Each structure stands twice: as structure tokens, then as C-alpha cells.
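Asks: Sequence:
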Amino acid sequence: MKGRALRREQRRLREAAAAVTALGYGGDPHRAHPAGLKPRSGTQTEEPAVMRAVSVNLISLLFIYCSLHAPRVTEGCSCALTHPQDAFCNSDIVIRAKVVGKKMVTEGPFGTMRYTVKQMKMYKGFDKIQHVQHIYTHASESLCGVKFDINKYQYLITGRVYDGKVYTGLCNLNERWERLSLAQKKGINHRYQLGCGCRIKPCHYLPCFVTSKNECLWTDMLSHFGYPGYQSRHYACIQQKEGYCSWYRGMTTRDKTTTNATDP
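Numbering-wise, full-length UniProt numbering puts 29 at position 29 of the sequence shown, and it's gapless, one number per residue.
Errors might be hidden in some of the hints.
As the list claims (entries may be wrong) - Subject to a maximum C-alpha distance of 27 angstroms in a straight line, what follows is the list of computed DSS-like cross-link-like pairs (lysine-lysine): (1) Lys185 - Lys147; (2) Lys103 - Lys186; (3) Lys152 - Lys121; (4) Lys98 - Lys124; (5) Lys98 - Lys152; (6) Lys201 - Lys165; (7) Lys118 - Lys103; (8) Lys128 - Lys118.
Said to hold, decoys possible - Cβ-Cβ distance ranges computed for the label pairs, FRET-style: (9) Lys118 - Gly164: 13 to 21 angstroms; (10) Asp127 - His204: 33 to 41 angstroms; (11) Lys213 - Gln133: 37 to 45 angstroms; (12) Pro202 - Val105: 29 to 37 angstroms; (13) Ser223 - Asp149: 16 to 24 angstroms; (14) Ile150 - Glu107: 13 to 21 angstroms; (15) Ser212 - Gln154: 32 to 40 angstroms; (16) Gly111 - Lys213: 44 to 52 angstroms; (17) Leu222 - Asp127: 32 to 40 angstroms.
Keep in mind that the hints were calculated from the coordinates and are not lab data.
Computed from a predicted model, the values in this text were never measured in an experiment.
Note that the Cβ used here is the ideal one computed from N, Cα and C, for glycine as well.
Please take these sequences and the hints and turn them into a complete structure.
Replies: In C-alpha cells:
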């Protein structure tokens, strides 16, 4: 469905562009009319209005087109879709914490916000920082700064460490703890770490295949028009015997299954 919608918008873009060329001789008001032809009375005032209308339609179509290709955008901040396991493995710090305060430590358009947190549990980063007290992020969401509610929720917070400080943003995995699935919580607790040697390969359109034994094919984008999908919420890519990686689903004790690398 997404592919058909995209092709329709591309076709409409081509038709609208052709209309602009036909109406205004390429948009140049000083270009001569074809020999023997003169504009009818009122044409010179009507054509610019028509061209403006076509331009507005073009801009609207381009916005739709870009929306189909930018799955996760907040003003000027654009982030690639990431499986929670990749977010875990690529982070220096992974904690569960409650945000208890905030302070603007750098003013201006590129300001920095410092959040004070009460750490409940650390899942990754013991070799970097023993106990996290502050999280730093851009003050502006357009610069990928993340906003936390104060004294309301426990959050899963991931980030990188620079000069002894923890930094995070919209492109990191930051989510209210109660919104995570059971499988995601188990993954954060221990399963994701087992798969950090694996590669989760996104599949945006068919056909797509794994190309090495350490890959798991991530197909959420095909069926869910974005994030998060079923594999994101319920599966981890775990290394098995002989270095092969495959999707592992561990919802309950009775439902633990290991599946082929191309499933589900």
C-alpha cells in the first residue's frame, strides 16, 4: 500500500511539473510567444495566478513525498529507525531512572538542559559511570533535545558518555518504562547484550535478504508503516551456535521459541 501511494504521488508530481512548463514557457515572463500567437486579453494576469496555484500544489505534494520518506522527524531533527537492541548495544549508558529536576546550564539557541535523575537500576555502563545523577541534552527539540516529565514517571534512558557526562537525545532510546513490552524489558535486562555481536538488517521494501550468518532481517517497516512494530516489541536477535544469529522471542516460559533469521 505504501509503494502504491508513493508511485501515485510521484506521478502527480510529474504531471504538475509538466503543467507548470506548459502554462508559463518554463516560468520566464520575458520569453517570446510562439510565432503567430499572441496572448488573449487577460492572459498575462491569469497565467501568474494559475502558476502560483500549481506551485502551491507542488509544494503540498513534495511535503507528502518527504513525509513518506522521513519516518521519524521532529522539526529540524531527523532520526533513522532503530531496533531497541541496536539502541542498547550502541549506547554507553542504559539506566532506568526517575527525573526529579532540570536546569538550563547553557543559554542561547544551542542551549543545554541538565536533568537530575534518581537512578533505579543500571543495565549497561558500569565501566563508564558507577551512578548517574545528571543527564544532558539539547534544550531545543529541533536540535534533537529530549524532554522528560519531572517527578512523574520512571524512564528507560540511553546515552553516550563524553568527558564524564551522560548525553542523550531524540535519536536515543528514551521511553517511559511502563510503555515497554515484557520482551523489551527482558531484552534490556540481559537478552540484548547477548546479541550485540549480531547485525539487525532493516528491510524497507521487497525483496530483501540476509547476506551473512550474523544478520537478522528486520521487516517491521513493511507491515507497520513505521515504528515500533512486532519485531521491535517482541524479538531479540541472538547469536546461536557456530556464530549464526536468529530472532528470539521470549514472552513467557511456555512461549520461548527460536526462529529462522528471516522470521517473523
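Asks: Please write out, lowest number first, the hints stated earlier that are contradicted by the structure.
Replies: 2, 6 and 13
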